[in-house]
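**Q** Protein chains in written order, with our numbering: chain A, 1 to 323; chain B, 1001 to 1323; chain C, 2001 to 2323; chain D, 3001 to 3323; chain E, 4001 to 4323; chain F, 5001 to 5323.
Mixed in with the good hints, there may be bad ones.
SDA-like cross-link-like pairs, simulated, lysine to any residue; straight-line CA separation at most 25 Å [claimed, not checked]: (1) D:K3028 to F:E5014; (2) C:K2034 to A:E246; (3) F:K5034 to B:L1010; (4) E:K4085 to A:Y36; (5) B:K1023 to B:G1069; (6) E:K4034 to C:T2040; (7) F:K5240 to A:E246; (8) A:K51 to C:T2040; (9) C:K2130 to D:G3301.
By construction, these hints were calculated from the structure, which means they are not laboratory data.
Quick caveat: nothing in here was measured; it's all calculated off a predicted structure.
Protein chains: 6
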Amino acid sequence: MSKEYFVNTLQVGEEFTDYFLVKSPSIKVGSNHKTYFDVTLCDRTGDVNGKKWDVDEVEGANLGLLKDGDIVKIRASVSEWNGIKQLRVARIRKADPGSDGLEMADYIKAAPEDPGEMFDFIWDKAQDIKDEGLKKVCTDALEENKDRLMYYPGAMRNHHAEFAGLLYHTKRMLDLGIRACEVYGDLDRDWVICGVIMHDMEKLNELNSNELGVSDGYTVKGNLLGHIVMGTIRMEERAKKAGLSEEKTVMLQHMILAHHYEPEFGSPVRPMFPEAELLHYLDMLDAKMFDFEAALEGVDGGHFSERVRTLDNRMLYKPTFKK
Amino acid sequence: MSKEYFVNTLQVGEEFTDYFLVKSPSIKVGSNHKTYFDVTLCDRTGDVNGKKWDVDEVEGANLGLLKDGDIVKIRASVSEWNGIKQLRVARIRKADPGSDGLEMADYIKAAPEDPGEMFDFIWDKAQDIKDEGLKKVCTDALEENKDRLMYYPGAMRNHHAEFAGLLYHTKRMLDLGIRACEVYGDLDRDWVICGVIMHDMEKLNELNSNELGVSDGYTVKGNLLGHIVMGTIRMEERAKKAGLSEEKTVMLQHMILAHHYEPEFGSPVRPMFPEAELLHYLDMLDAKMFDFEAALEGVDGGHFSERVRTLDNRMLYKPTFKK
Amino acid sequence: MSKEYFVNTLQVGEEFTDYFLVKSPSIKVGSNHKTYFDVTLCDRTGDVNGKKWDVDEVEGANLGLLKDGDIVKIRASVSEWNGIKQLRVARIRKADPGSDGLEMADYIKAAPEDPGEMFDFIWDKAQDIKDEGLKKVCTDALEENKDRLMYYPGAMRNHHAEFAGLLYHTKRMLDLGIRACEVYGDLDRDWVICGVIMHDMEKLNELNSNELGVSDGYTVKGNLLGHIVMGTIRMEERAKKAGLSEEKTVMLQHMILAHHYEPEFGSPVRPMFPEAELLHYLDMLDAKMFDFEAALEGVDGGHFSERVRTLDNRMLYKPTFKK
Amino acid sequence: MSKEYFVNTLQVGEEFTDYFLVKSPSIKVGSNHKTYFDVTLCDRTGDVNGKKWDVDEVEGANLGLLKDGDIVKIRASVSEWNGIKQLRVARIRKADPGSDGLEMADYIKAAPEDPGEMFDFIWDKAQDIKDEGLKKVCTDALEENKDRLMYYPGAMRNHHAEFAGLLYHTKRMLDLGIRACEVYGDLDRDWVICGVIMHDMEKLNELNSNELGVSDGYTVKGNLLGHIVMGTIRMEERAKKAGLSEEKTVMLQHMILAHHYEPEFGSPVRPMFPEAELLHYLDMLDAKMFDFEAALEGVDGGHFSERVRTLDNRMLYKPTFKK
Amino acid sequence: MSKEYFVNTLQVGEEFTDYFLVKSPSIKVGSNHKTYFDVTLCDRTGDVNGKKWDVDEVEGANLGLLKDGDIVKIRASVSEWNGIKQLRVARIRKADPGSDGLEMADYIKAAPEDPGEMFDFIWDKAQDIKDEGLKKVCTDALEENKDRLMYYPGAMRNHHAEFAGLLYHTKRMLDLGIRACEVYGDLDRDWVICGVIMHDMEKLNELNSNELGVSDGYTVKGNLLGHIVMGTIRMEERAKKAGLSEEKTVMLQHMILAHHYEPEFGSPVRPMFPEAELLHYLDMLDAKMFDFEAALEGVDGGHFSERVRTLDNRMLYKPTFKK
Amino acid sequence: MSKEYFVNTLQVGEEFTDYFLVKSPSIKVGSNHKTYFDVTLCDRTGDVNGKKWDVDEVEGANLGLLKDGDIVKIRASVSEWNGIKQLRVARIRKADPGSDGLEMADYIKAAPEDPGEMFDFIWDKAQDIKDEGLKKVCTDALEENKDRLMYYPGAMRNHHAEFAGLLYHTKRMLDLGIRACEVYGDLDRDWVICGVIMHDMEKLNELNSNELGVSDGYTVKGNLLGHIVMGTIRMEERAKKAGLSEEKTVMLQHMILAHHYEPEFGSPVRPMFPEAELLHYLDMLDAKMFDFEAALEGVDGGHFSERVRTLDNRMLYKPTFKK
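Working from the sequences, and respecting the hints, build out all of it.
**A** Right, dumping it as structure tokens:
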């Protein structure tokens, strides 16, 4: 069944029946000492808090079985509290995506391109690398991690925190990076491609993620070392396996290590050759473009967005002549 | 006559005769109370200090006539003082570039592309703009300033401080900016083109420059307002003439105003729409690529450059496998 | 009828009937699913939240008609919640300031001096300017904006966010600025007067304001450019009309541009002549004095104020010997 | 004899005979192994390096007796080295200011007002204080330090580093402070007067100074504690003697402690009442006005000064219409 | 009676009867217009909010008599709200610690060592000082303040905000400081001991504290001057009484003044001799160790703590092999 | 032969004959076109510039053979230039330390303890470690690097830039670290010992050093990665070899990674368990103590040192009562 009501277009007062994905479900007791069910209801356009009041013991037991990632069918009405929408849920039951004929893509925030096609794009560029060692480093890493790349997000929150977000981030950086080599002739295309493909690879081990691309946090290693240093450590072994010289090994490690540029964002050294410098700007620009797109989505022409914390607290403007 | 000895390849001990461009010539008295002639000798590869010792009154009078931008023919030998090369000048006379058959391009640091071709590239992109108002803003400004754009440097020192450096900077940013529109579909190509073309246009009135693209300083207006605010002020009148709406006028002014991004680098506001954000990164990246190229020129493979002040004091690395 | 109960002296437990100005009125639904009316009630001494519980449909329809700036007559009692006072409203009706014989000055926070007199003070000082061009710039701007200056606030929040606050700010700066010229003989009085009068003039176009001097936000232009740059742009045309030389035009633009001094507060250049430097300190000092007065109002002798965000989070002290 | 040649108007090539004050005299051996005499020659307009070449043993012994603060009569010619003027001294002898009929004021940089009159101005304002305790604090301190105040500089370098500079700084701050009380009615005049008079009093014990108002450095106590904390400590005893209450004592200590405002400039707390806040701005403004006057002195109209380190490295502008 | 239920081990759902210490008791009116009693209930392991609903007038009058530091006996059940535990109180009465046989140590957060023993440790080290003046300074201060040192906390919040926390902080610093003298032979043990003992002594006058070591805020003097400057002022008189030379007096004042090292943390000067430098690091390290211990208490092996504001917002890790 | 004249006690005017170590020898041509020999002459107390004038071709050829680290015997006199001492060398010849019976310790700046004894101290502490894995990591690293540890400096410049400086730094940190475990009972001694021993081990591969403990720069790897990240990478393999669990491996890597604490000093993460925090403070304190000792050496009692760049530009004070 095709979904009709999406989070970002719900109207106050509206009553409806539709499917949503469940996040953080819990049974609570209100200040009036009655039990209610509290849940975040999500689809690909966002999420909204929902409450089912006056839950009795039997229902409570059932609702207590719901968990993160389940799909539910609800009947609800839309109210507003301090300018924030909320769903008053009248009926709720667990759905079976299969038998209910649901399209999972409707329920999770996902990169706008097909993971398989993005992976192929990246794979093809890796095959283009002329330096055999660099090519093997990329090929090995892509093969090893292909399964998880198909769904891993690029972050827990913030930019590219979405299904296949890491792949999408890598793909767009690669796309622009190769074009930059056409403008700036001193750049070595092999190093740009390899640097882009490898720069965030250890996010796969820094973050946890379920197969919907939702991360609930960092690994112990992720907290104690961070993906930048993890990638630098891991490269030692990858480079050895690919037969890279010590100089090239250190240069690849340097690219990973320096790609956040600022010490306070995790890079203990700053880029020392042009491809490493470019890598930083590709990374920055892709993050910014992602954040701009996200923040301006749903803003009306002639108006400003809310302030965006990850963009130095800026409000963004959508001109009147933009649809 | 074609120049043979260039500043960046002079060898200590070598004696030679060749032409150089004159900068900061002056007659001085040494600690031994004798008069000598002190001058900076330049060509497109750099500059070196030269001294002619024991100048008598007649010669002093002649040398006193030399001025910035003259070409001289000298006979000299190369010595070294504290690791810095210096020329001991034995003979010196003013040359006439025309009758001596000199190629001026040998004597000044210049952008590596032909000014006419760069201008045409930019002009063509301006003609591509679909919004008639934006197109007229660009076309008017390019026509008005064509003569000076053919030689103006992009700065007094630092990146793009060279003949036609401003044009080269604009051209490469435009080249990458248009490619970025192919990767990031939300970007409006018209605004990217117009933003890039106009962003530094008032450098023409912030800096002084002779026709060799050498700037000896800032104008009064340049010091008191700076090219960013000057460009914003000037846009008021340009936009009116081009019939732009108030919204579009303000948006163009915002792009100019925000393109340095950081307040401490002269932008009182940060970019508030994606094209303004991109403009900043194009500007940064082109400056960085310029500085990397310049700093690594002449560095041997496997070695580091000197520390570069404009690159946060980094030393840059040239790998052994780079020629 | 003269107002008796003011926000800053309401006592918990007290029951009363009086008039207040309405801000942000809205009908809401509580967690008990009942409808109530929520409103901010203001007078010149401050504001307090009010709630009328259990609003039925008929009354809700009436209350739904109230809007920002209306005056209401209420019967209410004062309660306290987490140390913050709140009004439980028993009765409420819209008042007619005219027929109820109300003094509007009781209902809005206003500068403590009469707008007309402040305007005259400023106007007189402008007439004192000896340089004809500078005088015309001031005279023209004052004439053009007289109507709005009579009520415009100096800010949306923070210092001088009050009826005629912009005028009050300008007047006190002018008063001290002229005295400073008596102490510092090198200062040119003409430039001090003109700089002070013009420095914030474009706040009139950066902020929205109703005629009560209450601003609900920034204009699009205000957000994208800010009043400092707007004032600099606008000066181009004003100066031309007044026949100012280019040097004087640029100097006036510089004064406006530099008056916030710090880049991160919006000034891309720092003051480069003494009158511009003085202007900055006059502006700072007046803002600080305003904030100190406001923060210490109502503090008892021997106690500290709350922390004041705009004063670097300081608590201020009122000595025991101050009344 | 009245001085004719002043440091700030010496012309290259000029030969002359006149008197100068001696600073840092020393006998040195040149790279040609000959002995020469090196000295800084000063008058109230600035200082210039002088060298007497080829000094023999007898003359060396004589010159070796010269010390800081002596006046010498020299015959010299003006040369220039790297754009910096230098005197080639032909003859030099120690002068006797008395018998040579010299005006000491020609030889030292001094505040432009008479110390006695400045002291009287300050004394009179102290007598105006209505609070008997505060008045006694000021009166005692002025009496105790009158002798040294007549010549003490306000700093070792930077603003008010001149004969009676501390007095001049205090006097001008007081002059403006009292006027500020007329504009800002909430300010308590007594506290403003007392705060200004006492704020820098311990500079007398932080800095060394000879009777020409030239400081050669800090005292041990000055280095280990600084005048701000020294003034705060000293106030404990002064206040006790004047019979001030503990509250008033602590408030005076707070004013001294907070007057630099920023922690990194030595104030561990920021001002917490309005008179302390004003004190900071009076201090800042007077320092700035001093630096502007000094930096613009000698700059031609339509030109910029050198960059001034103490003014955040700004160049200052003198307009063409300023004489 | 020995306490059984401690705040840090209460289980949601659990019902129990036990004693707690009262903080911030107050009678409030809920959104349902009913009266309830709101209180913070504390023991040595932490605190938890408690509410007794539907309080009638008689009970309200009784509860209104409770005050900070009282012990109550309650019957309550544990609920949870947004992940924060809360007690629903069914019965509550004031207890008498004496007749109920309570151990006060169960109710207040206290340093883990006995105050008397800590004081003796410090006293003994003071007797070890060889310089008679320094010894007298310490001995006098310890004698004068012994009573309050037995319970004073080291802070209002943050590290060492506990019964006898100031003593505990001083004792551990002293213990490590003396050991550091064994490693770094250049350090003068006398100065290390005296510096540690005196560095925070004026916290006794900067903070208020009841005899349970709970501080409810700063004194006026504490706010206007701070304990660092207060300690420096006070040392003037102490040193005079102990017959210290001016140099030693200033050095002791410097140690106190510099011990926070950074201007923004209250030190207007940085340490200028080795013992002053060591003092700073002893202070830092002891604060950090305290915060680490506190933050990791109760964290399970293999998990991270919450982010700790006073530790630059770090999460801390407890390894799986730690119990 | 035992050295008599040391750099730090040479007197201007003195003539002497003695041995020195050679650094940066070179043949130069003066402004008088004559050849001279320029050299830095060093012993354990410092270094001084020396010049031998008027070198003829034969002697030039001989002097041209001298290289860094050679010992020469010179006859020279001490002159001064701008307050800096210089040696006028009259005679110079290469010495043979062996046959001339020289004590090398007189010629190089060296840690004040015997390398062998320091190594043994560290080795013994490593044997104390109870965790077999951690012990093996330390033992392996110490064995592998014993030869180089006997002479490696701790830095190129700044603290511990001396013969065996790295060992001395490690030894003193270890000494204090173990004592700290006696004061702070929560610390795990094994981790403190292992962390200290391993924290700077990769300085051996970041810096070059000759066997005199003089470093002439960084390795390519040292520049591109730095010793902190190099140590983190290297630990991967060491830990594997020692059979450490993944958790312990990551924790050791974290200790190395975090030990500089501040991102801008090279640590991308901050310490997350107490032993890592302690490690940072041990490192800081040892560096500071080293710098204080070095800066105060040779300062007279009652005076201040020069400003020390590595100590935030502080001047340090040596009291009059210190010898």
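**Q** If a hint holds in the structure, say so; if it doesn't, say that too.
**A** Right, here's what the structure says about each hint:
1. D:K3028 to F:E5014: 16 Å, holds
2. C:K2034 to A:E246: 73 Å, violated
3. F:K5034 to B:L1010: 22 Å, holds
4. E:K4085 to A:Y36: 17 Å, holds
5. B:K1023 to B:G1069: With Cα atoms ~6 Å apart, K1023 (chain B) and G1069 (chain B) stay inside 25 Å; holds.
6. E:K4034 to C:T2040: 24 Å, holds
7. F:K5240 to A:E246: Holds: K5240 (chain F) and E246 (chain A) sit about 21 Å apart, inside 25 Å.
8. A:K51 to C:T2040: Given pair K51 (chain A), T2040 (chain C) is violated - Cα atoms ~28 Å apart, limit 25 Å.
9. C:K2130 to D:G3301: Distance ~20 Å between K2130 (chain C) and G3301 (chain D) Cα, so the pair holds.
When each numbered hint is compared with the structure, violations occur for hints 2, 8.
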